[in-house]
Amino acid sequence: MDLTLTSFAPAMPEMFLLGMLSLVLVVDLFLTERTRHITYILSLLSLAGTFWLVLDGYPRLPELAFHGSYINDPMAALLKLFMLLAVMVVLVYSKEYIKQRDMYKGEFYLLVLFATLGMLVLASAHTLLTVYMGLELLSLSMYAMVALRRDNVDASEAAMKYFVLGAMASAMLLYGMSLVYGATGTLDFALMGEAAAKLPTNDVTMLFGIIFMLVGVAFKLGAVPFHMWVPDVYHGAPTAVTLFISSAPKLAAFAMLMRIFVDGLGELHQQWQGILIVMALLSFGLGNLVAIAQTNLKRMLAYSGISHIGFLLLGVLSGTSEGYAASLYYAITYVVMSLGGFGMILLLSRAGFEADKLDDLKGLNDRSPWFALMMMMLMFSMAGVPPFLGFWAKLAVIQAAVGVGLVWLAIAAVVFSVVGAFYYLRIIKLMYFDKPESDAPIESSADLRILLSANSLAVVGLGLFPSSLLAICSASIG
Amino acid sequence: MLLAILLTLVVGPPLVAWLARFGRLNAAWGAGAVTLAAAYALWPALQGAMAGETQLQRIAWLSAQGLDLHFRLDGLGLLFVLLILGIGLLVILYARYYLTSRDSMGRFYAYLLLFMGAMLGVVLSENLIQLLIFWELTSLASFLLISYWQGRSDARNGARMALAITGAGGLALLGGFLLLGEMAGSYELSVVLASGESIRAHPLYTPMLVLILLGVFTKSAQFPFHFWLPNAMAAPTPVSAYLHSATMVKAGVFLLARLFPALSGTPEWSWLVGGAGLVTLLVGAVVALFQHDLKGLLAYSTISHLGLITLLFGIGTPLAAVAGVFHIINHATFKASLFMAAGIIDHECGSRDMRYINGLWKYMPHTAILAIIASAAMAGVPLLNGFLSKEMFFAEAVGAATQLRLGWLLPAAVTLAGIFAVAYSLRFIHDVFWNGEPIGLDRTPHEPPRWMKVPVELLVILCLAVGIFPSYVVEPLLRVAASGVLQGPMPSFSLALWHGLSPAMWMSVIALVGGISLYIARAPLFEIYARLAERPGMYRRAHHLLERLYLWAGAVTRLSTPERLPHMALWVLLFAMTLALTGALQAGAELQGGRTLLPMDLLGVVTTLVLALAAIATVLLYRQRLVALTLLGAVGLVVSLIFVRFSAPDLALTQLSVEVVSIVLLLLALYFLPQQESRATSPWVVRDLLIALLAGIGMALLTFAVLSREGQSISGFFLEQALPGGGGANVVNVILVDFRGFDTLGEITVLALAALGIYGMLDGIKLQGPEADSDGRRWDPDLYPPVVATLSRLLLPLALLVSMFILMRGHQLPGGGFIAGLITAVALVMQYLANGVAWTQARLPRNHHWLITLGLSLATATGLGSLLFAHPFLTSTFQHLHWPLVGDFELASAMLFDLGVYLVVVGATLLILVNIGLMHRESHTPLTDAEEEV
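These protein sequences, in sequence, are chains A and B. For what it's worth, my numbering labels the leading residue of the first sequence as 1, then goes sequentially. For what it's worth, my numbering labels the leading residue of the second sequence as 1, then goes sequentially.
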């Protein structure tokens with residue numbers, strides 16, 4: 001066994017993050033409320049340092065470590081960069097919010113860092129075991145984050161639901177993994193495809209293994225019919241936590257889907273495609289329909305997120321490298337938009353007041369024309385109106401589906417995105433045409449304002465010049 | 001071409017908004033200048049297009065996606081560019097006088113330029129996707145323009161409706177374009193237009209056509225999507241003149257014309273396009289007559305004329321297409337001038353209601369003449385442009401009628417629409433300029449400023465010029481534009497006033513005479529219409545539909561979103577089971593694999609039965625917690641028996657000791673719970689039972705299927721390597737402490753952390769325990785019966801000895817640190833239970849942290865030790881020693897490691913159990929104190 005340091009090099013960012021995390025853990029013990037900003041700054045520094053390490057070690061070709069358990073390839077690196085960026089944005093957005101809600105403690109930052117570590121591991125997983133390890137690190141941290149406000153009934157209920165259902169899904173995932181291991185005799189994605197291809201197509205063990213793993217992955221993604229935790233958790237969790245859950249972990253879930261089903265079981269594409277088609281159809285169908293009936297902005301965004309997952313699945317299920325690249329692109333764009341959407345709730349919230357109802361957006365244009373404009377761009381982008389970012393993502397995945405002859409599915413996707421446009425437009429109507437219910441000024445720190453504006457403008461900027469990001473995504477899938 | 005679009009779309013709006021800060025009129029001048037500059041930038045290309053060339057310009061943008069900025073200018077584009085820029089310029093001039101000082105000029109002109117740029121983009125795009133982007137931009141810009149007067153609720157609603165309808169149509173269009181692109185193999189128009197044959201033969205032609213037509217019809221306000229246009233009349237009149245006569249609504253028919261060579265010529269095309277056009281033509285014309293709002297009349301007349309153009313394209317002959325293009329030009333000129341005239345009237349009278357504004361001839365004769373000429377053109381009076389295209393239209397309708405059964409209906413319907421068109425045009429003239437005196441106006445109308453009339457004059461002159469000298473004024477442009485539409489040979493046609501006594505001529509005569517008679521006899525019709533109009537209109541119905549959509553979405557939400565956790569879990573289970581079942585049925589694999597099954601023996605059957613019975617009994621008796629717990633213990637015991645049966649003594653031992661510890665733990669926790677579960681029965685118990693049964697059976701079958709198949713086992717490797725490699729005959733133990741030593745190290749670390757976590761959480765918690773059982777009997781005050789206490793004290797050394805024995809022999813025979821640790825822990829916990837915490841704590845250390853620390857350190861140190869000998873972490877070694885009396889004895893470094901495991905297990909178990917036990921004492925203390933005092 002080669003135990004020299006260079007053989008660990010592909011996992012350098014993760015090891016750095018783990019080290020920094022331990023440092024934050026210890027340092028935070030000695031801090032008081034007044035000096036808590038040290039934790040905040042240290043956390044940001046850890047993430048920035050990890051970001052730099054990922055960038056520095058950006059691989060041209062896949063590099064393996066830990067006996068093939070760990071892979072650092074362009075897709076992993078790209079996903080990690082965006083995960084880290086997203087988490088940094090989350091930390092900046094949420095600072096004021098958690099201060100006002102008595103959550104400004106080391107736990108929040110530590111759990112975020114732990115979850116981030118889990119995501120990075122997930123992005124680089126190259127065996128089923130590594131997948132599971134990363135997933136649980138991420139999930140357990142998230143359960144705890146939802147429950148951070150222990151005195152809040154909604155949050156506790158959401159955490160309970162999330163934990164129990166999440167545990168069920170994890171169990172199914174694990175069961176599926178064990179079945180797949182039993183059928184193929186390997187946990188390693190590099191060998192799995194070959195072994196699986198030798199099996200007869202109706203091999204019971206393999207079939208059930210795939211189904212149970214899909215259930216687990218679908219749960220983590222929040223795809224219908226395994227979506228029911230999403231609205232409750234998004235709604236119940238403190239918005240800062242919702243912001244986190246809705247952003248970077250979606251990239252991690254996408255990574256998990258890609259690693260298991262493309263890296264590992266890509267050869268069995270025919271067997272899992274059908275289930276993904278059903279899930280995609282149900283997701284963008286149900287998500288968009290139900291979002292219309294919501295009066296709570298967080299719930300609405302939750303359902304919109306479900307529908308976005310449906311679109312994301314379109315690319316993956318097409319089974320072509322264009323499709324994978326399109327889905328990767330979709331995942332990244334979704335995270336950018338979702339950060340903006342929930343960031344807006346944080347912006348409008350203040351001590352003792354959650355701006356999470358649709359009515360709270362009424363007359364935003366009168367209160368702050370600038371942020372109404374930002375929100376309008378975000379909503380247009382989510383609806384998939386050209387030339388905003390969301391349009392290109394939708395276009396890419398729909399093209400991927402059409403490219404493999406799934407025309408009916410593509411048409412259904414377009415029809416439902418029309419339905420979806422409806423509730424995004426409603427928000428614009430509320431912001432521009434309705435009278436504000438309160439004329440309280442928007443009080444928020446300058447860093448939140450600036451970053452949120454940059455985030456929203458990115459939706460336009462990346463929308464006008466989509467080629468660069470798209471090209472990077474295509475190159476990453478290779 | 002890029003330059004022109006950039007000028008209007010990107011440079012123009014901010015520039016104009018900025019200019020407006022230095023004086024409101026500057027915005028108008030700026031907008032005019034930008035428009036002229038765009039025209040100048042396009043000038044060379046326009047000349048080329050006029051000469052019949054098709055010019056393409058490609059700028060790299062999104063090469064990876066096969067999407068570059070790709071522009072195209074041919075005859076059709078030329079026509080639309082002229083309309084957009086020409087009428088745009090007139091509108092800019094007009095709006096400068098129309099807008100009052102209260103309106104923000106900068107905003108208006110910025111939006112207007114934005115729209116102009118987007119519209120130019122639509123007509124100049126070579127790439128379909130790019131066209132779509134500009135298409136949606138026109139929707140957005142029109143939204144901004146319609147809602148320009150944001151303070152008015154009708155403006156906001158109208159804008160919203162327009163955006164919702166056209167925006168949604170745009171998305172449908174995207175779907176159509178994607179399909180079209182797939183069929184043609186490219187999104188480039190040149191390719192698409194050239195592959196009409198293969199597109200029409202494609203199996204997906206119809207869905208593609210429907211999607212594209214949805215986009216077209218919503219944009220061009222075709223029935224049944226027409227209702228947004230009248231509501232959009234809340235926009236400032238210059239906007240209506242621009243968007244709703246010449247440009248935006250024409251974008252739909254532009255697309256029909258653009259894709260005419262690729263899509264037309266099938267029955268589907270004729271029926272869909274022609275049908276929608278005909279219905280729209282009729283509905284628009286009829287409804288227009290009964291509008292009291294001046295702009296409402298014009299809106300419905302616009303709808304009707306758009307229907308006319310659509311119908312022409314639907315007829316599908318080349319000549320009909322030429323007529324369609326011609327009518328696009330004519331309609332744009334006369335309708336824009338009419339809107340402007342209506343705006344002037346509105347401006348000067350403060351009202352647009354034709355019931356109140358009458359007899360304006362006296363007040364504004366000049367405007368009246370202009371409006372009269374324009375509406376005469378709208379009616380199709382000879383010597384005006386409207387007459388020419390209408391004649392062509394009538395001729396085409398007659399021509400198409402010969403090929404249809406009941407074909408005469410088409411000319412009849414068209415003539416009927418012509419009658420109504422004459423009638424509403426007449427109403428516009430007579431009702432406004434004569435018909436008595438104005439009623440209740442708050443000001444005296446007078447002529448508008450000179451320059452406000454100039455745009456109208458120019459357009460009216462154009463109407464006349466085209467109508468009188470068609471072959472000089474319009475024919476060259478028409479030929480170029482029509483060839484752009486057809487992309488092929490031109491049909492022969494002549495633009496002349498007199499074609500002889502053709503059927504079309506008679507239809508025109510009938511329309512004129514009929515229209516005038518209809519207008520004269522209008523009073524009873526108005527009454528009928530007023531009664532009909534009380535029923536909810538399309539707009540109201542759309543609102544109603546919206547409400548229904550909300551209700552429906554709400555219903556779907558309730559159906560699809562379980563709110564309680566058990567329901568959610570149920571859903572997850574059910575869906576997973578459905579998936580699995582479908583998968584299994586589809587695969588159709590054999591349930592039983594090829595492996596020969598072991599024979600059934602009595603022991604196996606009995607243990608399995610006991611296991612099943614105990615499990616069922618646990619479920620049945622779960623309300624009595626203590627009983628259920630005991631049964632659960634029985635289940636555990638049977639499981640350990642099964643392990644013994646399958647030759648896994650280590651597992652059996654572990655299971656046994658874990659069982660004891662966990663039952664003790666549960667007992668301790670049980671104390672704080674009510675003795676009995678509440679009696680309330682869930683109404684869903686049968687359903688839950690069924691699901692549980694299904695899940696259980698499914699799981700059992702799956703397990704059977706897996707177990708009855710041959711599998712590769714990794715046990716062979718360990719069996720071979722255990723003794724030579726690890727120096728132990730007990731393979732399980734060797735795996736734990738040697739082969740997988742690193743895992744075990746991790747596990748005991750987790751165990752230690754868990755214990756510390758529980759300690760941290762329990763520390764300082766006070767729970768109130770019950771003082772009596774469910775029947776009200778108080779607990780026995782004699783907490784620690786002497787018999788039990790004495791016996792347990794006697795047992796302790798014995799138990800410790802057994803655990804030591806098991807620890808020592810672990811490497812060779814069943815046993816090991818984990819089991820031994822559990823046994824020790826159980827023995828010690830027994831002391832706490834039997835003798836009380838106080839008694840035991842006086843004799844045993846209160847704090848177990850040091851045990852855990854010691855164990856972890858020992859295990860880690862053993863691992864690190866191997867580094868000293870230049871071996872990797874946790875490499876083990878072993879040595880055989882010959883002890884006198886005892887005999888041959890093996891010493892393995894792994895045994896030290898095992899000792900570490902032992903210590904951690906003891907420490908962690910004690911830490912957890914003792915601390916829960918301490919909570920009991922806390923909750924009991926007041927009671928026992930009271931007892932003692934008594």
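Source of the hints: derived by calculation from the structure; they are not laboratory data. There may be inaccurate statements among the hints.
As the list claims (entries may be wrong) - Between beta-carbon pairs, the in silico distance windows are:
id, chain 1, residue 1, chain 2, residue 2, range
1, B, I663, A, S7, 45 to 51 angstroms
2, B, P845, A, L191, 32 to 38 angstroms
3, B, L559, A, S7, 52 to 58 angstroms
To be verified - Computed far set for chain A versus chain B, every beta-carbon distance over 12 angstroms:
id, residue
4, D102
5, P200
6, D232
As the list claims (entries may be wrong) - Only part of the chain B face toward chain A is listed, based on derived beta-carbon distances under 8 angstroms:
id, residue
7, L163
8, P562
9, L585
10, A695
11, G696
12, I697
13, A700
14, F704
These numbers come from a predicted model, not from an experiment. Note that beta-carbon positions come from the ideal geometry of N, C-alpha and C, so glycine has one too.
Going down the list of hints, with the structure as the test:
1. B/I663 with A/S7: 45 to 51 angstroms: Roughly 46 angstroms apart at Cβ, these two residues keep to the hinted range, so it holds.
2. B/P845 with A/L191: 32 to 38 angstroms: violated (51 angstroms)
3. B/L559 with A/S7: 52 to 58 angstroms: holds (54 angstroms)
4. D102: holds (20 angstroms)
5. P200: Label violated. Min Cβ-Cβ 8 angstroms, cutoff 12 angstroms.
6. D232: Non-interface label on A/D232 violated, nearest chain B Cβ at 8 angstroms vs cutoff 12 angstroms.
7. L163: holds (7 angstroms)
8. P562: holds (6 angstroms)
9. L585: violated (11 angstroms)
10. A695: violated (11 angstroms)
11. G696: violated (14 angstroms)
12. I697: With Cβ-Cβ at 14 angstroms, over 8 angstroms, it is violated.
13. A700: Constraint on B/A700 not satisfied, violated at 13 angstroms.
14. F704: Nearest chain A Cβ about 10 angstroms off; hint violated.
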